[in-house]
Amino acid sequence: ILNVEQSPQSLHVQEGDSTNFTCSFPSSNFYALHWYRWETAKSPEALFVMTLNGDEKKKGRISATLNTKEGYSYLYIKGSQPEDSATYLCALGGADGLTFGKGTHLIIQP
Amino acid sequence: DAGVTQSPTHLIKTRGQQVTLRCSPKSGHDTVSWYQQALGQGPQFIFQYYEEEERQRGNFPDRFSGHQFPNYSSELNVNALLLGDSALYLCASSLGRGLWAFFGQGTRLTVV
Chain G
15 ILNVEQSPQS LHVQEGDSTN FTCSFPSSNF YALHWYRWET AKSPEALFVM
65 TLNGDEKKKG RISATLNTKE GYSYLYIKGS QPEDSATYLC ALGGADGLTF
115 GKGTHLIIQP
Chain D
441 DAGVTQSPTH LIKTRGQQVT LRCSPKSGHD TVSWYQQALG QGPQFIFQYY
491 EEEERQRGNF PDRFSGHQFP NYSSELNVNA LLLGDSALYL CASSLGRGLW
541 AFFGQGTRLT VV
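First to last, the protein sequences are chains G and D. Residues 15 to 124 (my numbering) are what the first sequence spells out, left to right. Residues 441 to 552 (my numbering) are what the second sequence spells out, left to right.
Same shape as in the complex, but just chain D (with noise of 0.2 Å):
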């Protein structure tokens, strides 16, 4: 079992640019679920996923979307990138609303 991965581990943008990371669920897993991890800070919710759609969403402006996919997996994108837009993204997957929420290591996103 690979467990949640995400891609790319890495990724330097700049400012007004738009970006898409990825996230594959720990198999058996049809929910995911995106955070934003600033520096000095908890991660914190974007938004949920599950059968193909946005199930629930955290106090994060129109610019943060996503996708999930028939398979499970799952975008995010952010447009207009903004230098505080740096930071770690976590992808956690979950069955259904199950309290058991697994991770994967995120992506770092650099906005220069």
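Isolated chain G (complex conformation) (with noise of 0.2 Å):
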């Protein structure tokens, strides 16, 4: 069974400022790792599937890394924005579907 954490569970961030959060798994029996920022009243949306240790991915402002070996995760965001603000959620992919974290809430300060 896979178990996925997610720290920070709530995160005040001041407009502009960069933040982290991260993602751990205590086994690494998944296929890839994938992050969905979910917008209230919108749908889950996938930002980043990451299948390889080292993996790096970025998109705009906002990337991702991966170690497999040590067993975590960690999503960055740089120059945060108001529209940034969001739950950002940690699934890993197995056998059976995805297994999601509780997720980080991401609050965006003016």
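Rather than coming from a laboratory, the hints here were simulated on the basis of the structure. Glycine included, every Cβ here is placed at the ideal spot set by N, Cα and C. One should not assume that every hint holds.
[As the list claims (entries may be wrong)] Reference listing, derived: stretches of chain G covered by chain D, where coverage requires no fewer than 3 residues with Cβ under 8 Å from a Cβ of chain D:
#1 50–58
#2 97–110
#3 113–122
Using the hints, build the complex out of the two chains.
Encoded structure:
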């Protein structure tokens, strides 16, 4: 059974500041790690799919890294903007579909 | 492209009743997965349908069943509803065993 932990549970960041949060997992028995952004009243939006140890992805001001040996992934947001306010979900893709963490709720304060 | 669409958006049912939720996948996708998100939790995998058959199943009782139609749309059925079935039900579609899954906005089910 895959177990996904995300921290922190919530985060308040000043507009313009950079931030990061963590997804940790004790087992590397999965084929991909997914990051989703979920804005209120919208669908979860896929940000990244990462498959290899040492994988790094970037999309504009958002980037992510994956370290399967030590069991974590970081999501970084550079120069936070109000539109970055959302819940960020991490999920492991395995035999039982996607196993999600509880998410990090990010609030950008102007 | 309409993306993944789910209906209805909200639903209130009474304990013991049965409910059917519907999902239309993103254009070109043939695989549909269903997830349950209870309050304060991450989404939990219920099952996945491909080629009109259940391909994978999570840890949910038999009261949860599904169906996939030839046009790849899908239904989730829940029988003998319990208060604990109150949750947001999300549908996700993908192409085969592709890595990218696209989600709908969900159906909010309240059991009273």
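> For the segment 50–58 of chain G, do at least 3 residues have a Cβ located nearer than 8 Å to some Cβ of chain D?
Replying inline: Coverage by chain D holds here, the residue count being 5 at a Cβ distance below 8 Å.
> Count the residues of the segment 113–122 of chain G with a beta-carbon closer than 8 Å to any beta-carbon of chain D: does the count reach three?
Replying inline: holds (count 5)
> At a Cβ distance under 8 Å, does chain D reach at least three residues of the segment 97–110 of chain G?
Replying inline: holds (count 5)
Hint violations for this structure: none, all hints satisfied.
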